[in-house]
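Engineer: Read off the chains here:
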Amino acid sequence: MPNHFCSAEDCSDLTGWIREALILKETPYSDKLLGANKTLGLIFFNASLRTRLSTIKAAQNLGMETITFNVNKEGWQLETAHGVVMDGDPAEHITEAAAVMGGYCDILGIRAFPTLLDRKEDYSEKYLLGFQEYAGVPIINLESAALHPLQSFADLMTIEQHKKKERPKVVMTWAPHVKALPQAVPNSFSQWMQHYDADFYIAHPEGMELDAKFTKNATLSCDQDEAFKEADFIYVKNWSSYHDYGEPLKNQQGWMVTLEKLQRTHQAKLMHCLPVRRNVVIADNAMDSRHSIIQDQAYNRIFAAQLVLKKLLTR
Amino acid sequence: MPNHFCSAEDCSDLTGWIREALILKETPYSDKLLGANKTLGLIFFNASLRTRLSTIKAAQNLGMETITFNVNKEGWQLETAHGVVMDGDPAEHITEAAAVMGGYCDILGIRAFPTLLDRKEDYSEKYLLGFQEYAGVPIINLESAALHPLQSFADLMTIEQHKKKERPKVVMTWAPHVKALPQAVPNSFSQWMQHYDADFYIAHPEGMELDAKFTKNATLSCDQDEAFKEADFIYVKNWSSYHDYGEPLKNQQGWMVTLEKLQRTHQAKLMHCLPVRRNVVIADNAMDSRHSIIQDQAYNRIFAAQLVLKKLLTR
Amino acid sequence: MPNHFCSAEDCSDLTGWIREALILKETPYSDKLLGANKTLGLIFFNASLRTRLSTIKAAQNLGMETITFNVNKEGWQLETAHGVVMDGDPAEHITEAAAVMGGYCDILGIRAFPTLLDRKEDYSEKYLLGFQEYAGVPIINLESAALHPLQSFADLMTIEQHKKKERPKVVMTWAPHVKALPQAVPNSFSQWMQHYDADFYIAHPEGMELDAKFTKNATLSCDQDEAFKEADFIYVKNWSSYHDYGEPLKNQQGWMVTLEKLQRTHQAKLMHCLPVRRNVVIADNAMDSRHSIIQDQAYNRIFAAQLVLKKLLTR
Chain S
712 MPNHFCSAED CSDLTGWIRE ALILKETPYS DKLLGANKTL GLIFFNASLR
762 TRLSTIKAAQ NLGMETITFN VNKEGWQLET AHGVVMDGDP AEHITEAAAV
812 MGGYCDILGI RAFPTLLDRK EDYSEKYLLG FQEYAGVPII NLESAALHPL
862 QSFADLMTIE QHKKKERPKV VMTWAPHVKA LPQAVPNSFS QWMQHYDADF
912 YIAHPEGMEL DAKFTKNATL SCDQDEAFKE ADFIYVKNWS SYHDYGEPLK
962 NQQGWMVTLE KLQRTHQAKL MHCLPVRRNV VIADNAMDSR HSIIQDQAYN
1012 RIFAAQLVLK KLLTR
Chain C
712 MPNHFCSAED CSDLTGWIRE ALILKETPYS DKLLGANKTL GLIFFNASLR
762 TRLSTIKAAQ NLGMETITFN VNKEGWQLET AHGVVMDGDP AEHITEAAAV
812 MGGYCDILGI RAFPTLLDRK EDYSEKYLLG FQEYAGVPII NLESAALHPL
862 QSFADLMTIE QHKKKERPKV VMTWAPHVKA LPQAVPNSFS QWMQHYDADF
912 YIAHPEGMEL DAKFTKNATL SCDQDEAFKE ADFIYVKNWS SYHDYGEPLK
962 NQQGWMVTLE KLQRTHQAKL MHCLPVRRNV VIADNAMDSR HSIIQDQAYN
1012 RIFAAQLVLK KLLTR
Chain B
712 MPNHFCSAED CSDLTGWIRE ALILKETPYS DKLLGANKTL GLIFFNASLR
762 TRLSTIKAAQ NLGMETITFN VNKEGWQLET AHGVVMDGDP AEHITEAAAV
812 MGGYCDILGI RAFPTLLDRK EDYSEKYLLG FQEYAGVPII NLESAALHPL
862 QSFADLMTIE QHKKKERPKV VMTWAPHVKA LPQAVPNSFS QWMQHYDADF
912 YIAHPEGMEL DAKFTKNATL SCDQDEAFKE ADFIYVKNWS SYHDYGEPLK
962 NQQGWMVTLE KLQRTHQAKL MHCLPVRRNV VIADNAMDSR HSIIQDQAYN
1012 RIFAAQLVLK KLLTR
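Residue numbers (the working numbering), protein chains in the order written: chain S, 712 to 1026; chain C, 712 to 1026; chain B, 712 to 1026.
Be careful, since some hints might not be right.
Given that identical chains are not distinguished, each listed pair holds provided it fits within a single copy or across any two copies.
To be verified - Calculated cross-link-like contacts (lysine to any residue; reagent style SDA-like; alpha-carbon spacing at most 20 Å): (1) 890 to 796; (2) 837 to 890; (3) 1022 to 969; (4) 749 to 797; (5) 743 to 817; (6) 890 to 788; (7) 749 to 774; (8) 890 to 799; (9) 890 to 747; (10) 924 to 952; (11) 1022 to 737.
Keep in mind the hints are simulated off the structure, nothing from the lab.
From a predicted model like this one, the values you see are computed outputs, not experimental measurements.
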């Protein structure tokens, strides 16, 4: 087990982890003593619903204590650049703050979104890596600028539970949205799919290619209808442009996923990481259909987080 | 026991519940194992002091874990209307959010105030009912648009503790305020008093009648002096107009409750749910007099919540 | 043991407390049953990082429950003046709010910073004393307008751990900052140093004298270079003017502490309470040098708080 859980690279045995996580789901309190006297710090630079609640619940299932901290609102801004004269807004350097919080907590979870203004800076993961470097304790990525591994791990657990053939066809499709969203979820799902036995397709409008290092084993397509044929799983997600960095693609209502589109698949299961804007990203008739396994995805977040915490506690 | 605790209708045996809650108050840790491995989610759309802290304490007394979540500030706005194209501010539909949170928590408490702009919409209780419909777990009303049953239950516990005759005269009186307040507390107290053995009066200026369905067993009066005669309990509360919906009634300083007014009662006990604006709603000389049992009311909030949690855990 | 922990005056035996706290640091879970069924309420009127997290961790180490409450943001403003007509912003009087929170919690910690606008009002400690007067439970000062005793106690623990002679020379030096800061940390450190065996110096630019009642046993100097000679500990801190109340002193870059300055001491240990603005208050080359024991100070905050909680639980 590596010292952190920040990307697919930190999962040493995906098949084994999925199996273990699904066992935990059946026996969630079996390790209740493991977390005794251990504290998980959850440090949020940004809003969160599922990640916040499911990771707290996971820690509780292990008997850990938690401390949740909205660092910018309940504390103050952190500086990440080195060598600067700190006469601006940030009142503390990540060098100090990460070390202090690592002293108070046994494991730290960090959520820090991208600005979508500067790709190089966003993808440098200055918050996540700063905590890795200075905290002195294991770091869990609660969604960083480029990756969201707890979501992806839960996604693969969900596919594993619902798949009906050894090697399903999994299609991740871009869908419309009203504002610019990060690439973290699609990057991360693509990265994890490199380690999962599936025919993996990504459908998106021209120009919406993700960073190729994450999608290298995927079949890319700009024809959503074609990609959906024979699909067993349809994973819907919007993202802003990676190449024209941070720009949303507008006027693409035709990419919204509907029940009619799902009916032209191989009885595909419908997936989304949530939150989802109904009738923008996915139509009501698809959301409310028997195709949806979206709540299973969300529920599996508990056990994905719980297995990661267990691995870090026992490493 | 019903599946939820959202109004007086969800209390099947008021006399028994009051008795049980008063016993819990004497032995608060007697059910410490009941909440093992159970998580109470406290979802706040609005500010809270007593409800927040007393309900957390109640859960702790039962050995439950808690997760507190300021949904609009730490998460995002939720859509409640069905069939809409979600291209506005709300980033997630209550359909999904309630189901997800219900998956992570064993019981959910919801606080969602009215806007006081649209009576029909407020009284539709879209947040509370949305959680009831989609969460899949018991819902506790932590003060909704129209009702505040945890407060009312604590209020009746307090009357029970302090009453000196079998059937006391209880007067709820409107009092001035500087802004428009919801009707939830007076509605709810009136509703619960329908199940409590007392002579129940409501005094308010003309035009400030509450929804008649809550006040049907009360004697209404527009003469505060007359109503206070022989009163054993004076429950003070401001509310905005139900009929001229959401409008505050101004320039009514004569309705402020003072020590002099209490002295013209039957040594009445003074009640208020808090927060109270001193010298606007109630004069200092009344607040600081031996008439006040306001702190008992607040303290009983723990045990009202604890009994409700116990009932839901053991239903 | 007094009923509260709000200043050095509430520590009855500094030498003994330091010794006990350092033992707790070695055996942090030795009193795990002490806090059973006890709840610590942490009430924040202002931002906090170390105090918030370390005090929660301290409570967890003792088996206590905690409730953290950002009173102004998650609740509402509190009135502290008596006899006023409460028709302004504050929705509740501290008289009621403190008593209610004291009913729900066994110990309350209060953080309430000064406004730096009115010295008399700030130093009246209206929030801290209001809670002491009305809460009915022990109050811990989590940094008030004038004092920060949990920090100072951790500071003395840190000096005790690192000192190489019986009576070290300890120099607290003013340093530059970009905005006006409270005097609570330097006041409090000076106050605690009155009970600690050391040669205590305070260096600051002319006019930046603190309240003399806190500094009465210190040697004051306006010559930083001179003060640093033979120093064993350099405690760096900015503060705004006490006499020209709340005014920051600008254009004093020469007072920034650098490695070169530390090299002209007796291999002094470098201290700061954090957060620190690098290259404004202390230069990178000093922060990152072997002189720094700043992380030890921060880490000791857990055990300072834990000993205080233990003393209050067992008084």
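Engineer: Now, for every hint given, state plainly whether the structure supports it.
Structural biologist: Verification of the hints:
1. 890 to 796: between (35 Å within a copy, 14 Å between copies)
2. 837 to 890: neither (24 Å within a copy, 26 Å between copies)
3. 1022 to 969: neither (39 Å within a copy, 43 Å between copies)
4. 749 to 797: Cα proximity of residue 749 and residue 797: none, with 34 Å in one copy and 41 Å across.
5. 743 to 817: So residue 743 and residue 817 pass the 20 Å test inside a copy (16 Å) and across (17 Å) alike.
6. 890 to 788: between (25 Å within a copy, 15 Å between copies)
7. 749 to 774: both (8 Å within a copy, 12 Å between copies)
8. 890 to 799: between (29 Å within a copy, 10 Å between copies)
9. 890 to 747: The answer is neither: 43 Å in one copy and 42 Å across copies each exceed 20 Å.
10. 924 to 952: Intra 15 Å, inter 56 Å, cutoff 20 Å: intra-copy only.
11. 1022 to 737: within (17 Å within a copy, 26 Å between copies)
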